[in-house]
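Numbering-wise, the sequence shown is residues 286 to 594 according to my numbering.
If you are wondering where the hints come from, they were derived from the structure by calculation, not from laboratory data. Quantities reported herein were computed from a predicted structural model and do not represent experimental measurements. There could be a bad hint or two in this list.
[Claimed, not checked] Pairwise CB distance ranges, derived in the manner of DEER restraints:
(1) Pro513 to Thr366: 16 to 24 Å
(2) Pro384 to Arg348: 30 to 38 Å
(3) Gly355 to Trp461: 36 to 44 Å
(4) Ala507 to Arg361: 29 to 37 Å
(5) Gly355 to Arg477: 37 to 45 Å
(6) Arg349 to Ala502: 17 to 25 Å
(7) Asp521 to Glu465: 18 to 26 Å
(8) Gly448 to Val516: 20 to 28 Å
(9) Pro415 to Ser518: 26 to 34 Å
(10) Val516 to Trp461: 41 to 49 Å
(11) Ala514 to Glu466: 22 to 30 Å
(12) Asp528 to Glu466: 29 to 37 Å
Glycine included, C-beta positions come from ideal geometry on N, C-alpha and C.
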Amino acid sequence: MGVEMIEALGDRRVTLEQLRAFVLVNEDGGFMRASEELGRTQSAVSQSLQKLEEAVGCRLVERRRGQVEGLTEEGRRFLPTAREILSRLTDALGALKRPELFGRVRLGVPDDFPLAAVQGAISHCLALNPGLRVEVESTLSSRIAILLDRGQLDVGVYKRMVGAPDVGVEEGVQTWVLREEPLVWVARDRIRIGAEARAVPLILFPEGCAYRAAALAALGGAGVAHYPAYVSSSYDAIRRALDAGLGVGVLSLGAVGAMHRILSEVDGFPPLPTVRLLLTVRGRAPEALGLADMLRDSAGLMRLLDPAA
Numbered sequence: 286m287g288v289e290m291i292e293a294l295g296d297r298r299v300t301l302e303q304l305r306a307f308v309l310v311n312e313d314g315g316f317m318r319a320s321e322e323l324g325r326t327q328s329a330v331s332q333s334l335q336k337l338e339e340a341v342g343c344r345l346v347e348r349r350r351g352q353v354e355g356l357t358e359e360g361r362r363f364l365p366t367a368r369e370i371l372s373r374l375t376d377a378l379g380a381l382k383r384p385e386l387f388g389r390v391r392l393g394v395p396d397d398f399p400l401a402a403v404q405g406a407i408s409h410c411l412a413l414n415p416g417l418r419v420e421v422e423s424t425l426s427s428r429i430a431i432l433l434d435r436g437q438l439d440v441g442v443y444k445r446m447v448g449a450p451d452v453g454v455e456e457g458v459q460t461w462v463l464r465e466e467p468l469v470w471v472a473r474d475r476i477r478i479g480a481e482a483r484a485v486p487l488i489l490f491p492e493g494c495a496y497r498a499a500a501l502a503a504l505g506g507a508g509v510a511h512y513p514a515y516v517s518s519s520y521d522a523i524r525r526a527l528d529a530g531l532g533v534g535v536l537s538l539g540a541v542g543a544m545h546r547i548l549s550e551v552d553g554f555p556p557l558p559t560v561r562l563l564l565t566v567r568g569r570a571p572e573a574l575g576l577a578d579m580l581r582d583s584a585g586l587m588r589l590l591d592p593a594a
């Protein structure tokens with residue numbers, strides 16, 4: 286599936302509207318919001334999706350009584366390719382409208398996100414702007430905010446909980462909310478607090494991570510005993526620890542994998558806050574503002590809170 290599927294289509298035409306309908310139906314979980322974003326009726330969106338399925342020769346979306354229940358296995362395999370096609374088109378059209386960027390930009394990115402997603406977003410920018418030099422520092426979100434305040438970074442992508450004090454409030458600093466998602470408790474197997482007389486084993490990012498702070502604050506406020514069973518700054522290592530059943534972790538809702546079980550208040554776990562992915566630019570240098578503009582439009586970066594997609 287993927288590029289091979291596109292190449293095998295031959296004369297069967299796949300339109301951009303069909304790809305957009307497929308991606309939006311998946312992201313929005315149904316036809317109503319997808320139709321609003323596309324400016325088409327729900328019936329037209331459904332027909333576009335059906336034509337796409339006819340072209341690729343398989344069912345991509347599971348439906349029941351007109352409601353979307355999720356993607357088929359073929360749909361999950363095809364989704365990254367469909368997103369990449371739309372992303373490349375957006376980049377190509379954007380390149381025609383934007384002046385080429387030159388100069389040096391110091392960029393901070395979180396090291397507890399999937400590295401490939403971050404690198405992909407930056408790679409697109411550099412491919413379209415060969416005269417741009419981007420110096421990347423990968424570190425915790427809390428440190429990125431500090432480095433921005435000190436003027437040691439020009440652009441920063443980082444996480445912050447909804448309701449936390451904003452950074453970059455002084456003149457010459459601009460901040461955008463790229464995405465927002467609730468945090469959830471996850472584990473490989475169901476764990477019920479109180480069902481067993483033992484502390485909860487936690488899978489955590491290091492100190493300074495917003496997810497870690499949210500988890501500890503919630504458990505501490507609820508009086509739940511816990512201990513650090515596994516600590517790593519690597520997103521992939523955290524995922525592997527969760528998959529191996531080493532304990533309970535905290536992820537954004539969109540990052541929950543097929544092997545993960547969401548734990549809720551029914552299991553005795555306290556509610557968690559919502560996390561935002563922010564993009565901040567310090568100063569008014571055209572190369573920094575230009576890079577930030579391209580990152581804001583990057584499909585890869587916008588999926589950073591949804592790395593399982």
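Verification of the supplied hints:
1. Separated by about 39 Å at the C-beta atoms, Pro513 and Thr366 break the suggested range of 16 to 24 Å.
2. The beta-carbon spacing between Pro384 and Arg348, approximately 45 Å, falls outside the hinted interval of 30 to 38 Å.
3. Here the CB-CB span from Gly355 to Trp461 is close to 30 Å, at odds with the stated 36 to 44 Å.
4. A hinted range of 29 to 37 Å holds for the C-beta pair Ala507 and Arg361, which are about 36 Å apart.
5. Separated by about 27 Å at the C-beta atoms, Gly355 and Arg477 break the suggested range of 37 to 45 Å.
6. At about 40 Å, the beta-carbon gap between Arg349 and Ala502 misses the expected band of 17 to 25 Å.
7. Asp521 and Glu465 have their C-beta atoms about 24 Å apart, which keeps the hinted 18 to 26 Å range intact.
8. A C-beta distance of roughly 25 Å is found between Gly448 and Val516, which places it inside the suggested range of 20 to 28 Å.
9. With their beta carbons about 32 Å apart, Pro415 and Ser518 fall inside the hinted range of 26 to 34 Å.
10. Take Val516 and Trp461: their Cβ atoms lie about 31 Å apart, and the range 41 to 49 Å is violated.
11. Judged by the Cβ atoms, the range 22 to 30 Å given for Ala514 and Glu466 holds: they are separated by roughly 25 Å.
12. For Asp528 and Glu466, the Cβ-Cβ distance of about 21 Å falls outside the hinted range of 29 to 37 Å, so the restraint is violated.
Checked against the numbered hints given earlier, this structure breaks hints 1, 2, 3, 5, 6, 10 and 12; the rest are met.
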